[in-house]
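Student: Next come the chains, spelled out residue by residue.
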Amino acid sequence: MKIPRTGALLLACVPFIAICFSVPLWDRVYPLVLGLPFNLFWLICWIPLTSLCLWGAYRLQDRRAAKGTSE
Amino acid sequence: MKPSLVALTIIFGIILLGAIIGICSGRRRQMDLEQWTVAGRGFGVIFVWLLMAGEVYTTFAFLGASGWAYSRGGPTLYIIAYLTLAYVISFFILPEIWEADRKFTLHTESDFFQQRYGSKSLASLVAIVGVIFIVPYLQLQLTGLGIIVEVASLHAISRPLAMLIAFVIVAGFVFSSGIRAVAWVSVLKDSLMLIAAFSIGIGIPYHYFGGIRPMFKALTQAKAAHLTMPGSTTNLGHPWYISTVLLTAFGFYMWPHAFGSVFTAKSGDTLRRNAVIMPLYTITLPLLFFVGFTAILVLPGLKNGDLALLTLVSQTFPPWFLGVVGGAGALTAMVPAAILILSAATLFAKNFFRPVFKPAMKDDEVARLAKVMVVVITGIALYFAIYSSTTLVGLLLLAYAGIAQFFPGVVCGLYWKRATTAGVFAGIVAGVGTAMALVFSKHDPFIGLNAGFVALCVNAVVTVVASVLTPAQQDGFNEPGRRAAASAAAVSS
Numbered sequence: 001m002k003i004p005r006t007g008a009l010l011l012a013c014v015p016f017i018a019i020c021f022s023v024p025l026w027d028r029v030y031p032l033v034l035g036l037p038f039n040l041f042w043l044i045c046w047i048p049l050t051s052l053c054l055w056g057a058y059r060l061q062d063r064r065a066a067k068g069t070s071e
Numbered sequence: 072m073k074p075s076l077v078a079l080t081i082i083f084g085i086i087l088l089g090a091i092i093g094i095c096s097g098r099r100r101q102m103d104l105e106q107w108t109v110a111g112r113g114f115g116v117i118f119v120w121l122l123m124a125g126e127v128y129t130t131f132a133f134l135g136a137s138g139w140a141y142s143r144g145g146p147t148l149y150i151i152a153y154l155t156l157a158y159v160i161s162f163f164i165l166p167e168i169w170e171a172d173r174k175f176t177l178h179t180e181s182d183f184f185q186q187r188y189g190s191k192s193l194a195s196l197v198a199i200v201g202v203i204f205i206v207p208y209l210q211l212q213l214t215g216l217g218i219i220v221e222v223a224s225l226h227a228i229s230r231p232l233a234m235l236i237a238f239v240i241v242a243g244f245v246f247s248s249g250i251r252a253v254a255w256v257s258v259l260k261d262s263l264m265l266i267a268a269f270s271i272g273i274g275i276p277y278h279y280f281g282g283i284r285p286m287f288k289a290l291t292q293a294k295a296a297h298l299t300m301p302g303s304t305t306n307l308g309h310p311w312y313i314s315t316v317l318l319t320a321f322g323f324y325m326w327p328h329a330f331g332s333v334f335t336a337k338s339g340d341t342l343r344r345n346a347v348i349m350p351l352y353t354i355t356l357p358l359l360f361f362v363g364f365t366a367i368l369v370l371p372g373l374k375n376g377d378l379a380l381l382t383l384v385s386q387t388f389p390p391w392f393l394g395v396v397g398g399a400g401a402l403t404a405m406v407p408a409a410i411l412i413l414s415a416a417t418l419f420a421k422n423f424f425r426p427v428f429k430p431a432m433k434d435d436e437v438a439r440l441a442k443v444m445v446v447v448i449t450g451i452a453l454y455f456a457i458y459s460s461t462t463l464v465g466l467l468l469l470a471y472a473g474i475a476q477f478f479p480g481v482v483c484g485l486y487w488k489r490a491t492t493a494g495v496f497a498g499i500v501a502g503v504g505t506a507m508a509l510v511f512s513k514h515d516p517f518i519g520l521n522a523g524f525v526a527l528c529v530n531a532v533v534t535v536v537a538s539v540l541t542p543a544q545q546d547g548f549n550e551p552g553r554r555a556a557a558s559a560a561a562v563s564s
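Chains as they are written, first to last, in my numbering: chain A, 1 to 71; chain B, 72 to 564.
Pulled out of the complex, with its shape left as it was, chain A reads as follows (with noise of 0.2 Å):
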């Protein structure tokens, strides 16, 4: 049992205060954007982007896997 990084939390915290918590900064219809609602735009902009915060905390976590902790 072992608390988390900070660094890979950090990085956690970032999805979670761009689609959850920032909600009445980006929830609005205009500008459209490539023809998409604003907020609607916005989500699909951090699915991938939430992804690529997790793979940073998997290389974190990693560095430290190394050191033998598992396989």
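Read the hints as simulated data drawn from the structure, not as lab findings.
We put the CB at the ideal spot given by N, CA and C, even for glycine.
Watch out, some of these pointers could steer you wrong.
[To be verified] If you anchor each label on the Cβ, the simulated ranges turn out as follows:
1. A:Trp55 / B:Gly84: 39 to 47 Å
2. B:Gly519 / A:Gly35: 26 to 34 Å
3. B:Ser229 / A:Leu52: 44 to 52 Å
4. A:Ile17 / B:Gln292: 31 to 39 Å
5. A:Leu10 / B:Thr305: 33 to 41 Å
6. A:Leu10 / B:Ile457: 48 to 56 Å
7. B:Ala295 / A:Pro48: 23 to 31 Å
8. A:Leu25 / B:Thr304: 18 to 26 Å
9. A:Cys13 / B:Asn306: 25 to 33 Å
10. B:Lys433 / A:Cys45: 49 to 57 Å
11. A:Ile17 / B:Val239: 46 to 54 Å
12. A:Ile17 / B:Val539: 24 to 32 Å
For this one, chain A is given, so just place chain B on it according to the hints.
Tutor: Relative to chain A, chain B alone:
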């Protein structure tokens, strides 16, 4: 051939193909409890991904998401947000759960509580609460299947009859093959689902408006307010969005079947890598939203939004294509339904009935009881499906309000040594009690917040306070592990 016959033939052809794949994949193996429920714990990244994707993309996404986009508008966006964030949480907690599983050979979520807190009554509580809240989720899948058959037959087959057919198919499917079948059928289901989502998500706006851009242009001119929160509702604003996203993202892996899929993975690293790629799967959801949004302008005034997607497909495309979309939809209901039934039946038999009523039961008796429960639980869900009229999304939110109450117990179990049995027990009871009291007294949302989220906060406070007030106890994950002999034999598969 009549158009409805063409569509129905293709739908049942696809269902049959799924069933054959399922039955064949389970054939060569001896189905003991270990194989039936966790497939011998040998799944790598691809299989775990398939299994988890098989669980995520249910009728809820297919018919429910487009239905809410049609009837509610803006608030539907919560679905994209919660799925994406659920994987962020899974990145941290699933590998830890897997570690515990490897040490102590767990089968179910209830085993996890039993091992960590060393309490039979807590484990039984988790089992029975899990089974109870699987029922509305299962009801959702049966309702979805019913809608598909009803619309595809151009209303020639009534929905109760359609759901009865669905019930027989799903139960038979689960009986014959267990969890491994489910992963294989997921391959067929996901390919069809992708084809269907892309062709209708892009094709339908194109057919009526010449593209997605002109469709939104027309929609913003006609009903711009529908596209932001609270959309076409009065009470689903930003506080509701935030609280619902948090509740469902936390609750996502608390589903006994999702929790159980952790046990099929080969390593903790498999789960971590899986979490990195899973959000990408969410990308198909906006396509289904497009269909719901197009329906607002093309098919105004539908009484039940959940019918929007299929009705629009049947008006736009030839019958054979309605059959393909309907078949994809049918599999997106059957595969998750099979997983849900399997977990609920195992939980009931192994973690509720045996410890509470008959501790001397042998494993094969448990397996037999589990198979009886397959029929009982599906029957209960069928009963509710026939007699209730809640929207698909409404059903899922009700189920989440209950199931997310395991979250404090699981997280404290992993990261907080001071958590006690009494604390977690009191927390779950308080959480489920608050959630149900608010929902059934029609106080959802409660002061703008999702009632399940309010209950989750009550639960967390009660868990912490009651834990601190009760004496510290042994952390079951730190005891030297006793590996069951079964695990060694099962690893070979």
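Student: For every hint, state whether the structure bears it out.
Tutor: Here is how each hint holds up against the structure:
no., hint, in the structure
1, A:Trp55 / B:Gly84: 39 to 47 Å, "holds, 40 Å"
2, B:Gly519 / A:Gly35: 26 to 34 Å, "holds, 32 Å"
3, B:Ser229 / A:Leu52: 44 to 52 Å, "holds, 48 Å"
4, A:Ile17 / B:Gln292: 31 to 39 Å, "holds, 33 Å"
5, A:Leu10 / B:Thr305: 33 to 41 Å, "holds, 37 Å"
6, A:Leu10 / B:Ile457: 48 to 56 Å, "holds, 49 Å"
7, B:Ala295 / A:Pro48: 23 to 31 Å, "holds, 27 Å"
8, A:Leu25 / B:Thr304: 18 to 26 Å, "holds, 21 Å"
9, A:Cys13 / B:Asn306: 25 to 33 Å, "holds, 29 Å"
10, B:Lys433 / A:Cys45: 49 to 57 Å, "holds, 54 Å"
11, A:Ile17 / B:Val239: 46 to 54 Å, "holds, 48 Å"
12, A:Ile17 / B:Val539: 24 to 32 Å, "holds, 30 Å"
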